[in-house]
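Protein sequence lines, in the order shown, are assigned to chains A and Z. Under the UniProt record's numbering, think of the first position of the first sequence as 1, with each following residue one higher. Under the UniProt record's numbering, think of the first position of the second sequence as 1, with each following residue one higher.
Be a bit skeptical, because a hint or two may be false.
[Claimed, not checked] Quick list of the computed label-pair ranges, beta carbon to beta carbon:
(1) A:164 / Z:83: 21 to 29 Å
(2) Z:81 / A:388: 41 to 49 Å
(3) A:328 / Z:100: 24 to 32 Å
The set of hints was computed from the structure by calculation and includes no laboratory data. We put the beta carbon where it would ideally sit given N, CA and C, even for glycine.
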Amino acid sequence: MQSLKQQWFGNVRGDILSGIVVALALIPEAIAFSIIAGVDPMVGLYASFTMAVTIAFAGGRPGMISAATGAMALVMVPLVRDYGLQYLFAAAILTGLIQILFGVFKIAKLMKFIPNAVMIGFVNSLAILIFMAQVPHFIGISTMTYVFVGITLLLVYTLPRFIKVIPAPLIAIILLTFIAIFGGVELRTIGDLGSITQTLPSFLIPNVPFNFETLQIIFPFSLSLAIVGLVESLLTSQIVDDMTGTESNKNREARGQGIANIVTGFFGGMAGCAMIGQSVINVKSGGRGRLSTLVAGLFLIFLIIVLGDLVVKIPMPVLVGIMIMVSIGTFDWSSFKYLVKAPRTDVIVMLTTVVIVVWTHDLSKGVIAGVILSAIFFVVKISTVKIKQEGNQFIVYGQLFFASTESFIDYFKKVEITNNQIQLDFSNSRIWDDSGVGALLKVEDLLREKGIQVEVIELDASSKKVISKLQGMSSSH
Amino acid sequence: MYKQILLAADGSENAVRATKEAIKIASFHKDSIIDVVYVVDFEKTKVEVLHSSSSEALNLERRKKLSKIEHLLRESNISYKVIILHGTPGLEIVKYANEQQVDLVVIGSRGLNSLQEMVLGSVSHKVMKRVNCPALIVK
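Let's have the full structure, built from the sequences with the hints guiding it.
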């Protein structure tokens, strides 16, 4: 891993430029995710500022961008609706505390155990939910709304072919806001859904009663947010690792996410996490170091303070068009091939994750269900022993241990053997524990009663060790 | 003579054909070395990471794409090294070629149809235009 100085100043020019590009791309998303969460755009913008700035120092993956995200916004919807903004800030702080604990106890490492079927389900359901959240903002409002959504989509997909330096969504926003204002087009604007304050965020202590009841309200949300935040952050860090061909510190990242969420809660922001899309934009634009993340956060808040008046004039359909693009970009389109090619159990895990998330609007529930389901599939798979008969040879396939002994013994209870001497071939199997040894002895006894001699062949060294250890134990009694 | 030869490699058949040509040139001189450059495309990273169980598995997957090329090179006793870069394929190949001042670039043409070529632009064409050394495009 690089030195801290390298992480900060190893790529100054590239980091400053890419930070600016990311700040521009972040603004519409931060606003849109605030609208999804049901809060003022400022909550998402402040969060993006404090998350990015804090993570630049505290994160474990240089060059990764953290801010207000859709995955987190979706989790908080019921909390904001039922209890209000102050509880949201308190929840962000508790989320941070939980994430720090995850980092300290190295739970971040456990994320390795999340199968990729669950990860694919995660991004797909996230994409579906971001898309669904846009629907009320463009279906059945006015013809002009459809037209503007359509033009926005057309622009964001065609412009990058000709203009590479300036992000296409930004050009679409400026151009279409201009047309809407001067063309006198009747459209809803961001200003209709909330306000922009052109000031820096200030320190606050969430105005909630500090008692057990409050904890009871926010804890389930904070736990979900902590899990969702870490899952997306660790997936993003893997992607950035791969794009840059470097490694990163996953536990430091978990701790950093926690610190950033605590800071964010105290400065009036919503909990956030790393963003796949923005981090990819950052790396593609030449960002590699911590400086890029810092510049993204600083430039974002600078733009809001300077241009806040104009931001509220952005028409909603333009924002909706950009968010549709974001959801299309988030969706894993190779999933359709995956449905056909992947093992059926993986496909079931992936679809279950998607269905549960879309149903509950909570990505953490989908992840947990997906992990449990794939663990069950794994146990079922590993606890089946198959036996193939070839003449007087019986070849054992699979692991012989406490969960699989039953199918092993059952086979020899039922099978018809005409020879009075057979071979048990263990070249494709392994005996793991005393249950496995017991099962083998039982089968030998069983067959001896029928007058059949059993010879065990091709046992590997570790299975022999287990057997001799246990037999040695019994003989010493 | 061509001492340092850059061979642009992906998993395709064209790259294998390019390898055979590179071998012919390299075998003229015993000091020739082939740099097999494979560029991990930024555009594909997300999908590849999502669909692999670990970074080690992903690396293996990528090395497998080069196995046929490496096999050919070993068979003909040519000294070579494998370089894995990250970025946009055309750009990274050009950057590497110019920075390392290689003597020759060998690259397979993907054989796109004219419409695709108009929209996507061909990597081999871009590389040929921008490298400072001779380039051999293999059909």
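Hint by hint, here is what the structure shows:
Range check, residue 164 of chain A to residue 83 of chain Z: Cβ separation about 26 Å, and the 21 to 29 Å hint holds. Take residue 81 of chain Z and residue 388 of chain A: their Cβ atoms lie about 46 Å apart, and the range 41 to 49 Å holds. At roughly 39 Å, the beta carbons of residue 328 of chain A and residue 100 of chain Z sit outside the given window of 24 to 32 Å.
Comparing the model with each numbered hint stated earlier shows that hint 3 is the single one that does not hold.
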